[in-house]
Amino acid sequence: MNELSPTRGSAAPSTASSSHPPPPSLAALFVAFATIALCGFGGVLAWSHRVMVEERRWLTPEQFNETYALCSMLPGGNILNFSVIFGSRFRGVPGALVAIAGLLGPPMLLIMIIGVIYAHYGEMPALRRALTGIASAAAGLMMATVAKMAGPLFVNRRSIAAPLVAVATFVAIGIVHWPLPLVLAAIIPISIGISWVRL
Amino acid sequence: MKSGAGTLLTLAGFFAVLSLFSIGGGNSAIPEMHRYAVDVQHWLTDRQFADTFALAQLTPGPNLIIVALVGFHVAGVLGAVIAMLAMCGPTSVAAYFIGRASERFKGKAWHGAVSRGLVPVTIGLTAASATVIATSADYSRAAGAVTGVTAIICYVFRINPIWIFGAAALLGLAGVV
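Top line first, the protein sequences correspond to chains B and H. In terms of this note's numbering, the first sequence opens at residue 244 and continues consecutively. In terms of this note's numbering, the second sequence opens at residue 1122 and continues consecutively.
Be aware that a few hints might be false.
For the chain H half of the interface with chain B, some residues (derived, Cβ under 8 Å), not all of them [claimed, not checked]: (1) Gly1127; (2) Tyr1217; (3) Val1253.
Rather than coming from a laboratory, the hints here were simulated on the basis of the structure. Just so it is clear, CB atoms sit at the ideal spot from N, CA and C, and this is done for glycine as well.
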């Protein structure tokens, strides 16, 4: 992350290689994040990498990974945090706002149109059945994501603590349906404490 | 479907607090959203919540766009905008300041402990989200099979989920699910 200067406006990446283009304009930021939002069906991560690193070359792969790791540590949507941090690095507060607008504006419009259609036709049997099929598949997609994420946790046998934390969180939220803030207030300090002790 | 100022305030307050607890992305907030919107406030039925999730999955964009649809269902366009502002505002401000300060704490020992400590919690939350969605859909044995097969296909192959959603929608239309 230190390759990217946090100063506003004129901030070109200070140590970026010569292959880097100049910092994006506000309009370019908007278009880039709108592109990520509208193409990034079923996973914005892959598309943000493609747009930011491969096509526009605004970030090196290493910078992308570091920025994304930071974003996934923060509360809130990962790609939303990414748009804020990325936009503000190049263009300050206006850059952050424009990036958010690009990311959320077009999907917001789309989903409200969908909301209107659902309000009118949501009880139509055909639509109901199609939606049930999609919801079932979406739950499966999420399970596959969990399995991919959890693989290293269970394969790497150095610690039994991390799998235990994952299972405890799952049971408390997914099975017992305890309120999220209470569960997180208990489990996060424990989990961070464990990984601190094991450093 | 009442949309008084009280309802809007409740929406805003709930999503503002929820956003701060949604670590690891929008999907980890699904169970709490379900608990509050369906069980506590009765804004939506179980089935409507599953529909809302399915529609949000069909919409391109970040996962947390489901928040706009919940808001829309409760209080129309104003509800959608307020819910999204509440969900995105506080965390965006936090991201802005932490992003600017990030160079200072990069490489510190606690930085690694925090990031590694959050990983298993995020995994547990995402697993809980999948369970909540699976159990709130109109769940037949065939729907369970769709969930299982999708999970296996997506785990084994790198495939754009739109094709699977399309196939699942067709199965639903055909009356199989």
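Open item on the list: Flag every earlier hint the structure violates by its number, smallest first.
Closed with: 1
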